[in-house]
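**Student:** Here's the letter readout for the chains.
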Amino acid sequence: MPIVELNGRPYHVDDNGFLQDPQIWNDDVARDFATTEGIAEMTDEHWKLVRYLREYYLQFGIAPMVRKLCKETGLKLARVYELFPSGPANGACKVAGLPKPTGCV
Amino acid sequence: MSMIYLDNAATSYPKPEDTYVFMDRFFRSHGVNPGRSGYDLCMEAGQLVDDTRRQLTRFFNGTDPDRLVFTYNSTDALNLALFGMLSPGDHAITTTVEHNSVLRPLHHLSQYHGVEVDRVPFDGRGFVDPGDIAARFKPNTRVVAMNHGSNVIGTVQPVAEVGRLCRERGIRFVVDSSQTAGKIPIDVQAMHVDVLAFTGHKSLMGPTGIGGLYVQPHVDIRHTRAGGTGVRSAHPFHLDEYPWRLEYGTPNVLGIAGLHAGVSWLEQQGLAAIEAHEMRLLRRLVEGLRGIPNVTMYCQDDLADHIAVMVFNVDGFEAGNTGTILDVDHNIACRTGLHCAPLVHAQLGLDAIKGAVRFGIGPFNTDAHIEAAIGAVGEIAAARAAKAR
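Protein chains in written order, with the working numbering: chain A, 1 to 105; chain B, 1 to 389.
It is worth saying that the hints were derived from the structure and are not from the lab. Keep in mind it's a predicted model, so treat the numbers as computed, not measured. Here a beta-carbon is modelled for each residue, glycine too, at the ideal position from N, C-alpha and C. Heads up, a few of these hints could be off.
[As the list claims (entries may be wrong)] Example chain B residues on the side facing chain A (calculated, C-beta under 7 Å, incomplete):
hint, residue
1, Asn321
2, Ile325
3, Asp329
4, Ile374
5, Ala383
Start from the sequences, fold in the hints, and give me the full structure.
**Tutor:** In structure tokens form, the structure reads like this:
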């Protein structure tokens, strides 16, 4: 299992760099993984997306569809890409501590 | 805003109302197994199958409706043709413009059945030079297989010239018309096409699950499957006579009904009118995207010998991301990625950036759809440009 060190803290990740154990996620973990997206500081918009993804995942066990993500957060997808350059699946979900989505987000 | 459908190269949508209505009516009134029994309904269903054979034979300017066989789709048809025409020790020529419906059967034949395969690249404008194909002819060259129109860059290949060269050498010429049948005229005689593969669900305006082959009377394809034909049941082998030779089991009669209605609709509209409409929209689309600085199009410089299919990328942005934003933010349906034609993307250098975004225009697209698409791509491109600054 690969280990990455972010802000001096080691994390077990999968081959795509996604957090292996979603249970250890917290705001500090999110900030650490945000650095992999080139995000120096998490803004309110970043948190809005991350918290929505997190809550949806905890409730349903999967990531939401992109349309739902945009509708529920009120953000256009183009804006999501501005916030998370790798996009909702590879960027936002990674920061939110979700497993790599297989086809939804 | 309702969805703008620009994925017609994947399948046409919507279909003409005639297709929906006829399929519904026919399935309710004649949803029996055609040609298996002697009662009236069965005979009438069989009649529609035969009528559709005649209709499509006419449509492609063939001569023998029994040589028009139905398959599931083009891939199925091409598998029948290639596996039934090539043997160990044979040489086959294809091109890098092909869809996997040709590439994969030939790769399989080369890996497991001792068939040697050459792949001829296209030029900078997206066309295969017939001379480059002829230059690869060898004494054991048995088949040349190529597509008529590219499902990625939209270029229409010079099949008549390739066909002439093949005919001179006695080499069988197999053409994949998935993107062109129903968009531009196809004349198997004038184009020297020995075997034509088509699909029903794209520009022929039928449903998915129906396609076929037209096999010229001077050509034979071995049957590589066997099963029920509805006739001569006591014979232990699959029948050699066409169309049964290449048809196996109960045909997709509902699909054939839809294809019949779709082609009838095309005949009423006229291919020339449909082509003129689609190409006018394509020209406007290409012109509009050309005005966006950080958009790159591929092989769209000259739209002569072209169908209304085009690909592009917003510079520095993966195609899949552009497509997802077009879908979610702008309600525009398109296809991204490698489009089942990996060698086209490889030759264009796009495989490393995960392909391109494809717009496929159909007869029901409008000027407003095209303007919306140009605007949407412009917005995405502007956002990327701003981010890059």
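**Student:** Each hint should be assessed against the structure and marked as holding or not.
**Tutor:** Verification of the supplied hints:
A distance limit of 7 Å between C-beta atoms decides the matter here; for B:Asn321 the minimum to chain A is near 6 Å, and the interface restraint holds. Among the interface hints, the one on B:Ile325 holds; its C-beta lies about 5 Å from the nearest C-beta in chain A, closer than the 7 Å criterion. Interface hint status for B:Asp329: upheld, as the beta-carbon distance to the closest one in chain A is roughly 5 Å, under 7 Å. The restraint placing B:Ile374 at the interface with chain A is violated, with a minimum CB-CB distance near 16 Å, outside the 7 Å limit.
Because the closest C-beta pair between B:Ala383 and chain A is about 5 Å apart, less than 7 Å, the hint holds.
When each numbered hint is compared with the structure, a violation occurs for hint 4 only.
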